[in-house]
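Sequence order for the protein chains is A and B. Take the first sequence: its position 87, counted from the start at 1, is 1226 in this note's numbering, and no numbers get skipped. Take the second sequence: its position 141, counted from the start at 1, is 243 in this note's numbering, and no numbers get skipped.
Please keep in mind that the hints were generated in silico from the structure rather than gathered at the bench. Keep in mind it's a predicted model, so treat the numbers as computed, not measured. Each residue gets a CB set at the ideal place from its N, CA and C atoms; glycine is no exception. A hint or two may mislead.
[What the hints assert, rightly or not] Some chain B residues close to chain A (C-beta under 8 angstroms, calculated; not the full set):
1) Asp116
2) Val118
3) Gly133
4) Ser137
5) Glu141
6) Val144
7) Ile154
8) Leu208
9) Gly209
10) Ser215
[As the list claims (entries may be wrong)] No more than 25 angstroms apart at the CA atoms, straight line, and that leaves these computed lysine to aspartate or glutamate pairs for DMTMM-like:
11) Lys1206(A) to Asp1180(A)
12) Lys1156(A) to Asp116(B)
13) Lys1206(A) to Asp1172(A)
14) Lys1245(A) to Asp1180(A)
15) Lys1156(A) to Asp1241(A)
16) Lys1235(A) to Glu214(B)
17) Lys1156(A) to Asp1182(A)
18) Lys1206(A) to Glu1191(A)
19) Lys1206(A) to Glu196(B)
20) Lys193(B) to Asp1229(A)
21) Lys193(B) to Glu223(B)
22) Lys193(B) to Glu233(B)
23) Lys193(B) to Glu167(B)
24) Lys1235(A) to Glu196(B)
25) Lys1235(A) to Asp1180(A)
[Claimed, not checked] Short, incomplete list of chain B residues facing chain A, as computed with Cβ under 10 angstroms:
26) Asn117
27) Glu140
28) Ala145
29) Ser151
30) Ile155
31) Val211
32) Leu216
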Amino acid sequence: MTIVHLLHGPRLVVALKGDLDLKSAGELRQALDQLIDRFPDRDLIIDLTEVEFVDSSGLGVILGRYKRLSARGRSLQLTGVRPPVRTVLDLAGIAKLVTISDHLPKSPVR
Amino acid sequence: MTNRMILRFLSLADNVGLARVAVAQMAGQIGFSLSDVEEIKVAVSEAVSNAIIHGYQGREDGWVEVACSVAGDELVVTVEDWGVGIADIAKAREPAYSTDPERMGLGFVFMESLMHAVVVESAPGRGTRVEMRRRARVGALSRDVQ
Chain A
1140 MTIVHLLHGP RLVVALKGDL DLKSAGELRQ ALDQLIDRFP DRDLIIDLTE VEFVDSSGLG
1200 VILGRYKRLS ARGRSLQLTG VRPPVRTVLD LAGIAKLVTI SDHLPKSPVR
Chain B
103 MTNRMILRFL SLADNVGLAR VAVAQMAGQI GFSLSDVEEI KVAVSEAVSN AIIHGYQGRE
163 DGWVEVACSV AGDELVVTVE DWGVGIADIA KAREPAYSTD PERMGLGFVF MESLMHAVVV
223 ESAPGRGTRV EMRRRARVGA LSRDVQ
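Kindly generate the complete structure, drawing on both the sequences and the hints.
Below is the structure:
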């Protein structure tokens, strides 16, 4: 899995490439936790444009980061969700917890 | 069209992708749509992940066997391990039941939602066998009404 981060206004954007499953879950969990700690004031956007497969191992990482961020008053947003990934997100009811958008927010303010 | 495959591999996370891609290739032989195949891949990934995580509990020297057959318009996938087994199958199949707080407990929910039939056989200390079935070419009928 390839994990690339950038700062987008007040937000931290993490773009993922690869399958999000049991194999990649540990590496992704560690990378996201490090970034969340490194940028403690920023909301997180995970860009899934280059992710074609997600299962419950991958969703567990996303949900775990949502819990960590929420506990600190920060938000998590998903963007670039492909149809097969959206099916899995919908089955898990993730949209009730996390904002899912088609594109990154425009006009960063910071 | 009839075809069969048996794939046996060690209980390594690296092999989850191998299993789902192999089954996806078989599913493609009997006319499942691309979106159907993507859903089948998720179900296989869940079953194999369960075998590795729960069946062998982190051991990397256990065997996982994935058998797949296509006959007519039906795909049958079985995922078997010889790990610790499941003490309470009904509880394990409940949504949000998980022994790991980082996991969502959705493995069986996904299998049951994405396949037409799921049968689980398990015995503590002997292992677990999950059989999943799904049919292709079902017209406008949804999974829920078949």
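Outcome of the hint check:
Interface restraint check for Asp116(B): the shortest CB-CB distance to chain A comes to about 6 angstroms, inside 8 angstroms, so the restraint holds. Residue-level restraint check for Val118(B) holds (minimum Cβ-Cβ distance to chain A is 5 angstroms; threshold 8 angstroms). Residue-level restraint check for Gly133(B) is violated (minimum Cβ-Cβ distance to chain A is 18 angstroms; threshold 8 angstroms). With a cut of 8 angstroms, the hint placing Ser137(B) at the interface with chain A holds, because the nearest CB-to-CB distance is about 7 angstroms.
The interface hint given for Glu141(B) holds, since its Cβ lies 7 angstroms from the closest Cβ of chain A, which is under the 8 angstroms cut-off. Hint status for Val144(B): holds, given a least beta-carbon distance of 5 angstroms to chain A, under 8 angstroms. Interface restraint check: Ile154(B) against chain A, minimum CB-CB distance 7 angstroms, threshold 8 angstroms, status holds. The beta carbon of Leu208(B) is positioned within 8 angstroms of a beta carbon in chain A (closest approach about 4 angstroms), and the interface hint is therefore held.
Given hint, Gly209(B) at the interface with chain A, holds; its Cβ is 5 angstroms from that chain's nearest Cβ, closer than 8 angstroms. With its C-beta approaching chain A no nearer than about 5 angstroms, Ser215(B) sits inside the 8 angstroms limit, and its interface hint holds. At most 25 angstroms may separate the alpha-carbon atoms for a hinted pair to count; Lys1206(A) and Asp1180(A) meet this at roughly 16 angstroms. Distance restraint check for Lys1156(A) and Asp116(B): the Cα-Cα separation of roughly 16 angstroms lies within the 25 angstroms cut-off, and the hinted pair is therefore satisfied.
Among the hinted pairs, Lys1206(A) with Asp1172(A) is consistent with the structure: their alpha-carbon atoms are about 12 angstroms apart, no more than 25 angstroms. Of the pairs offered as hints, the one joining Lys1245(A) and Asp1180(A) holds, with about 19 angstroms between alpha carbons and a cut-off of 25 angstroms not exceeded. Distance restraint check for Lys1156(A) and Asp1241(A): the Cα-Cα separation of roughly 17 angstroms lies within the 25 angstroms cut-off, and the hinted pair is therefore satisfied. Note on Lys1235(A) and Glu214(B): the hinted pairing holds, with a Cα-Cα distance of about 21 angstroms set against a maximum of 25 angstroms.
Only pairs whose Cα atoms come within 25 angstroms are accepted, and Lys1156(A) paired with Asp1182(A) is accepted, the gap being roughly 20 angstroms. For the suggested pair Lys1206(A) and Glu1191(A), the alpha carbons sit about 24 angstroms apart, so the restraint of at most 25 angstroms is met. Proximity of Lys1206(A) to Glu196(B) is assessed by CA-CA distance (about 22 angstroms); at most 25 angstroms being required, the pair is judged to hold. Proximity of Lys193(B) to Asp1229(A) is assessed by CA-CA distance (about 23 angstroms); at most 25 angstroms being required, the pair is judged to hold.
Under the criterion of a C-alpha separation no larger than 25 angstroms, the hint pairing Lys193(B) with Glu223(B) is consistent with the structure, at around 13 angstroms. Of the supplied pair hints, the one linking Lys193(B) and Glu233(B) holds, its CA atoms being roughly 18 angstroms apart against a limit of 25 angstroms. Restraint check for Lys193(B) and Glu167(B): the C-alpha separation of about 24 angstroms stays at or below 25 angstroms, so the hint holds. With a CA separation close to 20 angstroms, the supplied pair Lys1235(A) and Glu196(B) stays within the 25 angstroms bound.
Our distance criterion of 25 angstroms between C-alpha atoms is met by Lys1235(A) and Asp1180(A), whose separation comes to about 23 angstroms. For Asn117(B), the suggested interface contact is upheld, since its CB lies about 9 angstroms from the closest CB of chain A, less than 10 angstroms. Hint on Glu140(B) holds. Least Cβ distance to chain A is approximately 4 angstroms, under the 10 angstroms limit. The closest approach between the C-beta of Ala145(B) and any C-beta of chain A is roughly 9 angstroms, which is under the 10 angstroms cut-off, so the hint is satisfied.
A distance limit of 10 angstroms between C-beta atoms decides the matter here; for Ser151(B) the minimum to chain A is near 5 angstroms, and the interface restraint holds. Using the Cβ-Cβ criterion of 10 angstroms, the hint placing Ile155(B) at the interface with chain A is satisfied: the shortest such distance is roughly 7 angstroms. Residue-level restraint check for Val211(B) holds (minimum Cβ-Cβ distance to chain A is 7 angstroms; threshold 10 angstroms). At its closest, the beta carbon of Leu216(B) sits 8 angstroms from a beta carbon of chain A; the interface hint therefore holds under the 10 angstroms criterion.
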